[in-house]
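Trainee: Residues per chain are reported as follows:
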Amino acid sequence: MASTALLSAAGCGSDDDQTSSKTLTVFAAASLKPTFTALGTRFEAEHPGVKVKFNFAGSSDLLAQLQQGARADVFAPADSATMKKATDSGLAVGKPIVVASNTLQIAVPPTNPADVNSLADLTGPGVKVVVCAPQVPCGAAAQLVQRAAGVTLKPVSEESSVTGVMGKVVSGEADAGLVYRTDVKAAAGKVKGIDFAQSSSAVNEYPVAALRTSADADLADSFIGAVAGPQGQRALADAGFRVAFPAE
Amino acid sequence: MPAALGAAFILIPLVAMVAEVDWSNFRALVTSESSRAALWLSLRTSAASTLLCVVLGVPMAMVLARNDFPGKQVFRALVLLPLVLPPVVGGIALVYTFGRRGLLGSTFDALGLQVAFSTTAVVFAQTFVALPFMVLSLEGTLRSVGRRYEHVASTLGGRPTFVLRRVTLPLVLPGLTSGAVLAFARSLGEFGATLTFAGSLEGVTRTLPLEIYLQRESDPDAAVALSLVLVVTAVLVVALVHGRAGQRRNDGERT
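Heads up: the sequence lines are chains W and P, in that order.
Positions 171 to 418 (our numbering) are the ones given, in order, by the first sequence.
Positions 5 to 259 (our numbering) are the ones given, in order, by the second sequence.
It is worth saying that the hints were derived from the structure and are not from the lab.
Treat the hints with care, since some could be wrong.
[Said to hold, decoys possible] Straight-line C-alpha distance at most 20 Å; calculated DMTMM-like pairs for lysine to aspartate or glutamate: (1) W/255 to W/231; (2) W/223 to W/386; (3) W/265 to W/391; (4) W/254 to W/291; (5) W/203 to W/214; (6) W/362 to W/291; (7) W/254 to P/223; (8) W/255 to W/375; (9) W/255 to P/206; (10) W/221 to W/388; (11) W/255 to P/223; (12) W/324 to P/206.
Chain W on its own, in the form it takes in the complex (with noise of 0.2 Å):
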């Protein structure tokens, strides 16, 4: 913080003339919150005199929040869909990025006591498994692996987020939970990820656009090119995103 505004006053007027202190409000979904928090520290750096602030929460909050005025330069949710609203409603203006995609995986406690290899195992007697319920994206999305692999889930809970199957397994509730790659990446051991075959049929989109609402549509767009860009890719990458511009 107090680096920050050392930079702010340092490099006041290095950039346009009326950079001497912005802030750019990036509302972003709740998934991105390590690698935006990164970019975000980076980008403040490479533009004195800009703060970055990040509203983190579940894609369908932030848009709800955008459209009951709240204002925020760029939007970035974990899904087309919600980004499909956001542009139908006039809040995202220009052509929405794609940035990343994530796949589900299952997510195991780390003695794997349940012995899960593959989909299909999930649905053995006394295995309990959580899974998001269909309204929420990740239920929605562990529906659609479940018609590609021809299995029905009986599962023992159906949760509201995906924290909330995350925290079931973490805590050995759970035999098994459906999650995406990046909770199991960001779990660090907690828990084991297992890939399965029907994952690439429920693939997950993050747009990135630009909103109406911005003061500074230029500045805007410079951060969408920083998270598009090799640098943010990688961190993308990193935390366990297929990215949609790979380093070569």
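With chain W fixed as given, assemble chain P onto it according to the hints.
Mentor: Chain P only, in chain W's frame:
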């Protein structure tokens, strides 16, 4: 003036919510199968939790009101802890107690009782957060009633169970009732501990607050309509308790 402001702070959001209700579809929204399943589950589990609160809370209130022992203040603080804990924290604590890998999980397993992801888990979560209301309400009443009539009854030859049944209980009935009603209301509104500990499955663990939270994602109209059902229930419950409190004041008592 600040009082009016305070009242407005509580009333205006409720009015704003009522204004959002889609009245033309209200019936359909609150009587959908998932809504009815959630409401029925909420009523059932809250009733069970209230019963548990009476069974567990009455002895605790008696001990707190009638005995002096070292560490009593600490004991009372612990009993009241669920009031100030975030419900999610309560849920996490319950997971590590009654969960499959929890402290008592294997014991319960051996008894053939699977708590994880069951309706029992919902009742446990609700009881955990509602119990302090029962204890607080009854302890206050027990203190204000005092022990005079009990002494008289026992010196006249009443046996302890007789005294409890015919003297103590009638005297503290208002406190017991308002405690039970408050515990029921708190159970009905329980959300965080249930979601964390019990999970969310239609007909098994998805109570009305969980259903509202989920409907918000896909059908905000249904969420608002169901919220109204909860608000009306809560208003009825509070009115019931308040009426009782007023009655007690007329009897020269205070909670």
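Trainee: Would you mind marking each hint as holding or not holding in the structure?
Mentor: For each hint, the structure was consulted:
1. W/255 to W/231: Given pair residue 255 of chain W, residue 231 of chain W holds - Cα atoms ~13 Å apart, limit 20 Å.
2. W/223 to W/386: The given pair, whose Cα atoms are some 14 Å apart, holds under the 20 Å limit.
3. W/265 to W/391: Holds: residue 265 of chain W and residue 391 of chain W sit about 11 Å apart, inside 20 Å.
4. W/254 to W/291: violated (36 Å)
5. W/203 to W/214: holds (16 Å)
6. W/362 to W/291: Given that 20 Å is the threshold and the Cα spacing comes to 15 Å, the pair holds.
7. W/254 to P/223: holds (18 Å)
8. W/255 to W/375: This hinted pair holds, its Cα atoms lying about 15 Å apart.
9. W/255 to P/206: Violated - the C-alpha atoms of residue 206 of chain P and residue 255 of chain W are around 29 Å apart, more than 20 Å.
10. W/221 to W/388: holds (15 Å)
11. W/255 to P/223: holds (15 Å)
12. W/324 to P/206: With Cα atoms ~12 Å apart, residue 324 of chain W and residue 206 of chain P stay inside 20 Å; holds.
Going down the numbered hints, you'll see the structure goes against 4, 9, while the others check out.
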